[in-house]
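Novice: Let the sequences and hints guide you as you build the complete structure.
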Amino acid sequence: MISRVADQCFWLGRYLERAESSARVLGVTRNLALDAGVNPRHAWLPVIIVSGEEERFLARFGAGAADEGERVQEYLTWDEENPCSIRRSLAAARDNARSIREVVSLEAWEALNALHLWVLSPRARAEWRDDRHSFYRRIRTSAQSLQGIVRGTMLHDDALHFIFLGVMLERAGQTSRILDVHHHAFRSIDAHDVIETALWLSLLRACSGFEPFMKLHRGRVSPDAVARFLVLEPLFPRSVRFSLRAAASRLERIRPPEEPALAGRESYERLRALAAWVGSKQRDFDTAGLHDLLTRVVDETSAIAGVLGRELFGQVPEVATGAQAQ
Amino acid sequence: MKITPSLFDGYAPLRGTWDELFTARGDKRPSFSKAIDAIAARSGAEFAACQALAERALMNQGVTFSVYSDQRGTEKIFPFCLVPRMISAEDWAQLERGLAQRVAALELFLDDLYGDQAIFRDGTVPGDLVLASKSWFPKLRGVRPPGGVRIHIAGIDLVRGPDGVFRVLEDNLRTPSGVSYVLENRIISKRVLPECMDAGRVRPVDVYPSRLADALRSVSPVDPSETTAVVLTPGPYNSAYFEHSFLARTMGLELVQAEDLFVEGDMVYCRTTRGPRRVHVVYRRTDETFLDPRVFRPDSLLGVPGIMGAWAKGNVTLANAPGNGVADDKAVYPFVPDIVRYYLSEEPILEQLPTWVCARDEDRRFVLEHMAELVVKAVDEAGGYGMLMGPQASAAEVEEFRRRVAAEPRKYIAQRRLELSTCPTWVEGKGRVEARRVDLRPYVLNGREGPWVLPGGLTRVALVEGSYVVNSSQGGGSKDTWVLKSEAS
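If you're matching them up, the sequences are chains L and A in order. Position 134 of the first sequence, counting from 1, maps to 134 under the numbering used here, and the rest follow consecutively. Just add 326 to the spot in the second sequence (first one is 1) and you have the numbering used here.
Treat each hint with caution, since some may be false.
[Claimed, not checked] EDC-like mimics (lysine to aspartate or glutamate), calculated; alpha carbons at most 20 Å apart, straight line:
#1 Lys516/A x Asp363/A
#2 Lys402/A x Asp95/L
#3 Lys737/A x Asp454/A
#4 Lys460/A x Glu496/A
#5 Lys402/A x Glu110/L
#6 Lys756/A x Glu381/A
Hints were generated in silico from the structure; no laboratory data involved.
Specialist: Right, here's the structure in full:
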């Protein structure tokens, strides 16, 4: 398929996953801040850090602003100047889809367009004001059903594989970042067990992992078990390992390994190597090395996105495309 | 006698104009009687609900155009009126023949202009006037396009005067737009007024994309079955982007932007995830002056360097062919009847508006003296811009145009203001239908087998009361156009 179109499919998937992830993290953190008696700073600062917006946010609003849940939510949901805000992510997903209208199915386009129009409407603002929980839930479920519509209405050809390659790479990075930041924050606070358990449970919820975790662990929550679950659980669709494997298998369909002459060799090999390396941690998983492991995943997934750009999306190095600049 | 309120109760055609659906006395035109009855069965309130449904559907489907003046890329729906414009089978048969004839003649004219220029030798058309067109590209002279066709897609704007005669207002031979609205409007009519379509025996328009794809492949430099054709768009911020993606989608072709294409060894290739792929036919919706920075504007970012060279070598078909603009120049328009006679040795079937060409001394004198009665148009502007509506203009505006015409006569032509025909049109604020002025743009496709006319077209309507301007940028909307089947078929 056309390289630019592949690029826009990939970013459509990433932005969609990003919006969903942000909505989930914000919703969960809001509950945590309300319920567990946690210092607001310990609840909200990690959220800003996960989004990668720490520097800009603190520069604009001052160090104290990280305590203000409303300010953080406003910034990460609505802010026009924050490229990671939910509004901007959805607009970017929709812009990418609009540029490839002939590729995206009509039903997927209409659903995404309707979501985008809703977010811009006064009704969305009203729901945000009157029923925050329902607002975040709507973003989350709309983004999830969109992925379902894509799967259920489009040809399962390269366009769809590129969309889910984007979804899965974004997801691997998001889960890694969420886990890394929270793990670090939890260890640095001197909390007693009850609060610490609440924090780990909220972390699971932020990754939609609460119920799956409980099914596998029968209610026994420990920091090690949660971290292990989020990194390694092969059956949990948001674990780092699952996401990387899924991404690698999409790329395998786009570029079958038995056709080595096709473009994309380096992307494929690095992605497969990363997935295998994370899988190998099964044997000697240790939370002491967690930060290093997650940092490597975050750095390597972003490097692989760069290699994909060069090998498959026809980008000249160091020139960001419109899709990425958004 | 049963009396129920119906949509057209109290509808009054404007005095001195032709109404498309009703006679001057207010009776239904007999050809449309069944279809009108079917529509009239709705009350105003019922119709308002249908109209709202139609608008919502268009917005959610993203059937929109971008508004240039808005930096943030606001999109609007092209206002749509659900009351259709109808054309009888007899009228259409005549239009169809006339349009095919006109396009065939303009095709020969372009071929001659970029070839021997025989037409200038016997003085049928003044060469100095034609060659002074901004859209005449001398460096393209001698190039024969692959497949021998230049006007693959034409949009010919027609208006209908008080006498009921259709006349050509202008030709669009470069990148005529609007056909996607024809097809989308029809989808909406079918959804919202199904029984009326049925009663009216309306000819289908949905064959257009496959006819277009066939026409494009028929003029490929290689075998049509081996041909890769693409649609080239300036990008999603172009006002007609919806249409570009619509056509690509409905033809099953890929929609490309300039950055997706490159030229090597005078061949055009597309960058794909599996390496370069040769492209044979480009339906380009990029303006020709932006098409190739090596030949036209060097600052163009929308262009593909070298694509003109590939075209000149016969390795890629560009539709429409670059250079067509000289034949739809408003200053050339007055000579089209002569052009038809010259190349086809036939009388033109379609009439057109009497036109004064300001480049001619006698005409210019007349125009300067009668400016306040005339419509004066700049030859190189479109979309209703650069135009003086004499009868409605202030003295200062008339004076301003008098100065402009005297300074640059080649740039202007003048016509009498035509009483455009009207059609019943839904007026939101009043909750009823009133007469509003309309025009018509039929589409003609031209491949190896010659011209084919889509049985339908874009009816644009001036939604503002009393207005003559149908352009979407200035308060215009559109209607579905129903060409009816003949009784025999």
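Novice: If a hint holds in the structure, say so; if it does not, say that too.
Specialist: Here is how each hint holds up against the structure:
no.: 1; hint: Lys516/A x Asp363/A; in the structure: 17 Å, holds
no.: 2; hint: Lys402/A x Asp95/L; in the structure: 15 Å, holds
no.: 3; hint: Lys737/A x Asp454/A; in the structure: 14 Å, holds
no.: 4; hint: Lys460/A x Glu496/A; in the structure: 17 Å, holds
no.: 5; hint: Lys402/A x Glu110/L; in the structure: 16 Å, holds
no.: 6; hint: Lys756/A x Glu381/A; in the structure: 17 Å, holds
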